[in-house]
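There are 2 protein chains.
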Amino acid sequence: MTPGLLVVVSGPAGVGKGSVVRKILEYAENIVLSVSATSRPPRVNEVDGVNYFFKTREEFEAMIKNNELLEWVEYCGNYYGTPKEWVCREVEKGHVVILEIEVDGAVNVRRLFPDCVLCFVLPPDYNELEKRLRGRGTETDESIKARLARAVEEFKLIDRYDYLILNDTVENAADRLLSIIKSERMKTSRNQSIIDKFKNINRSE
Amino acid sequence: MTPGLLVVVSGPAGVGKGSVVRKILEYAENIVLSVSATSRPPRVNEVDGVNYFFKTREEFEAMIKNNELLEWVEYCGNYYGTPKEWVCREVEKGHVVILEIEVDGAVNVRRLFPDCVLCFVLPPDYNELEKRLRGRGTETDESIKARLARAVEEFKLIDRYDYLILNDTVENAADRLLSIIKSERMKTSRNQSIIDKFKNINRSE
Numbered sequence: 000m001t002p003g004l005l006v007v008v009s010g011p012a013g014v015g016k017g018s019v020v021r022k023i024l025e026y027a028e029n030i031v032l033s034v035s036a037t038s039r040p041p042r043v044n045e046v047d048g049v050n051y052f053f054k055t056r057e058e059f060e061a062m063i064k065n066n067e068l069l070e071w072v073e074y075c076g077n078y079y080g081t082p083k084e085w086v087c088r089e090v091e092k093g094h095v096v097i098l099e100i101e102v103d104g105a106v107n108v109r110r111l112f113p114d115c116v117l118c119f120v121l122p123p124d125y126n127e128l129e130k131r132l133r134g135r136g137t138e139t140d141e142s143i144k145a146r147l148a149r150a151v152e153e154f155k156l157i158d159r160y161d162y163l164i165l166n167d168t169v170e171n172a173a174d175r176l177l178s179i180i181k182s183e184r185m186k187t188s189r190n191q192s193i194i195d196k197f198k199n200i201n202r203s204e
Numbered sequence: 000m001t002p003g004l005l006v007v008v009s010g011p012a013g014v015g016k017g018s019v020v021r022k023i024l025e026y027a028e029n030i031v032l033s034v035s036a037t038s039r040p041p042r043v044n045e046v047d048g049v050n051y052f053f054k055t056r057e058e059f060e061a062m063i064k065n066n067e068l069l070e071w072v073e074y075c076g077n078y079y080g081t082p083k084e085w086v087c088r089e090v091e092k093g094h095v096v097i098l099e100i101e102v103d104g105a106v107n108v109r110r111l112f113p114d115c116v117l118c119f120v121l122p123p124d125y126n127e128l129e130k131r132l133r134g135r136g137t138e139t140d141e142s143i144k145a146r147l148a149r150a151v152e153e154f155k156l157i158d159r160y161d162y163l164i165l166n167d168t169v170e171n172a173a174d175r176l177l178s179i180i181k182s183e184r185m186k187t188s189r190n191q192s193i194i195d196k197f198k199n200i201n202r203s204e
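First to last, the sequence lines map onto chains A and B.
What the first sequence shows, in numbering that gives the first Met the number 0, is residues 0 to 204, in sequence order.
What the second sequence shows, in numbering that gives the first Met the number 0, is residues 0 to 204, in sequence order.
No lab work stands behind these hints, which were simulated from the structure alone.
We put the CB at the ideal spot given by N, CA and C, even for glycine.
Please note: incorrect hints may appear among the correct ones.
With beta-carbon atoms standing in for the labels, derived distance ranges [as the list claims (entries may be wrong)]:
#1 A:N171 to B:E25: 16 to 26 Å
#2 B:T168 to A:Y26: 14 to 24 Å
#3 A:N171 to B:E138: 41 to 51 Å
#4 A:K144 to B:L156: 54 to 64 Å
Under the rule of at most 27 Å between Cα atoms (straight-line distance), these lysine-lysine pairs were calculated in the DSS-like manner [to be verified]:
#5 A:K22 to B:K181
#6 B:K155 to A:K181
#7 B:K144 to B:K155
#8 B:K186 to A:K155
#9 B:K155 to A:K155
#10 B:K186 to B:K22
#11 B:K181 to A:K181
#12 B:K196 to A:K144
#13 A:K181 to B:K144
#14 A:K198 to B:K144
#15 A:K22 to B:K186
#16 A:K196 to A:K186
If you want the footprint, here are the derived chain B segments under chain A, 3+ residues with CB under 8 Å [unchecked claim]:
#17 61 to 73
#18 175 to 187
Construct all of the structure, not just a fragment, from the sequences and the given hints.
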């Protein structure tokens, strides 16, 4: 009774979605993080197929052309994207694939993989988001302002998402995400084989 | 971030849905059991508005006529039904109302209260259902056969439900129902006020 699932997690910079995703991976339950493809060269210790699927620019551009990516971006001169085939294979195995991407990408994934679940991680309020960004202590004032301005743009698209996850603490937010995963796997629409089993009972009296 | 919710729980006789509902009421979280209206006279210790809303036949028939019931049945010469107004008031307060009713009633509730969540409790398999019915030790062989035949009819309508809850143990099933409740309350479609709050952030730089 455990169908596979593709779960997209988005949210503004500083909201802590990375921590929430890392926490939920500890819970196991067949939850895996999506492995991206990239044209960036591997760094020391990075393993192909674990950290990334490493591709040449030409290979990556062929993947784009052949619709082999659920979403992709070009960032600092390198391509990054999510290989559709890998995700489909994991979901078919009954695994939950978590994909942490930005709002534009999420909309694309929904188009190419309609059965996915879109989750948006929210801070308790906007001031808290600014506090968390400043709390990192690694960003310039300018960078923080740019990220906050971007957050406001992202908030405009939250009704494209299925679920809103409040991140007051990482543990609470991870519990919330786990409830969503458990609940989505119980959806009638994801359990046709169980429906068939119970619909086709033949009572021989 | 806790919108109210109407949760309908159905399932065949013997599946243990009553135990699952009782268990989830222990978890609190603003979960209440729906109070039915009935034309049956109160028994000793039964309190109006707690166990039932007690009505005369004439009063009940007026409620039917005025569309004041989400669903109703006549059983052994008495009417039983769910008063729409009471449910709406509880949901508006932010409470989760649990309504344990049969399949026909559930379909009616969906029609009159489209935002409700329909859950169907399933046994691990059909043989287990028979075992549980026989295990009660209170039913005749004839009654058990009738209930099993009815279960087969009910299974034919499970795709009208939103969620399938496996009842292997009462604790597991109650946990599953709780995940559904938590998850449904995080749905974007149930949280317009939060969306508005984040969409209308006015950054003064």
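Can the suggested window of 54 to 64 Å be confirmed for the beta-carbon pair K144 (chain A) and L156 (chain B)?
-> Distance hint for K144 (chain A), L156 (chain B) holds at roughly 56 Å.
Counting residues of the segment 175 to 187 of chain B whose CB is closer than 8 Å to a CB in chain A, do you get three or more?
-> holds (count 10)
Starting from the hint 41 to 51 Å, judge whether the C-beta atoms of N171 (chain A) and E138 (chain B) obey it.
-> holds (45 Å)
When you check the alpha-carbon spacing of K198 (chain A) and K144 (chain B), does it fall within 27 Å?
-> holds (18 Å)
Whether chain A covers the segment 61 to 73 of chain B (at least 3 residues having a Cβ closer than 8 Å to its Cβ atoms) = Answer violated; 0 residues pass the 8 Å Cβ test.
Measure nothing beyond the straight line between the CA atoms of K22 (chain A) and K181 (chain B); if it is 27 Å or shorter, mark the hint as holding.
-> Answer holds: K22 (chain A) to K181 (chain B) is near 19 Å, not above 27 Å.
So the hint says 14 to 24 Å: do the beta-carbon atoms of T168 (chain B) and Y26 (chain A) match that?
-> holds (20 Å)
Does K181 (chain A) pair with K144 (chain B) here, judged by a C-alpha cut-off of 27 Å?
-> Status violated; Cα separation ~34 Å.
Restraint check for K181 (chain B) with K181 (chain A), where alpha carbons must lie at most 27 Å apart = Holds: K181 (chain B) and K181 (chain A) sit about 10 Å apart, inside 27 Å.
Does the structure keep K186 (chain B) and K155 (chain A) at a Cα separation of 27 Å or less?
-> holds (16 Å)
Does the alpha-carbon distance linking K196 (chain B) and K144 (chain A) stay inside the 27 Å limit?
-> Between K196 (chain B) and K144 (chain A) the Cα gap is close to 20 Å, so the pair holds against 27 Å.
Is the Cα-Cα distance between K186 (chain B) and K22 (chain B) 27 Å or less?
-> Distance of about 24 Å is within 27 Å: holds.
The structure fails hints 9, 13 and 17 (numbered hints given earlier, in ascending order).
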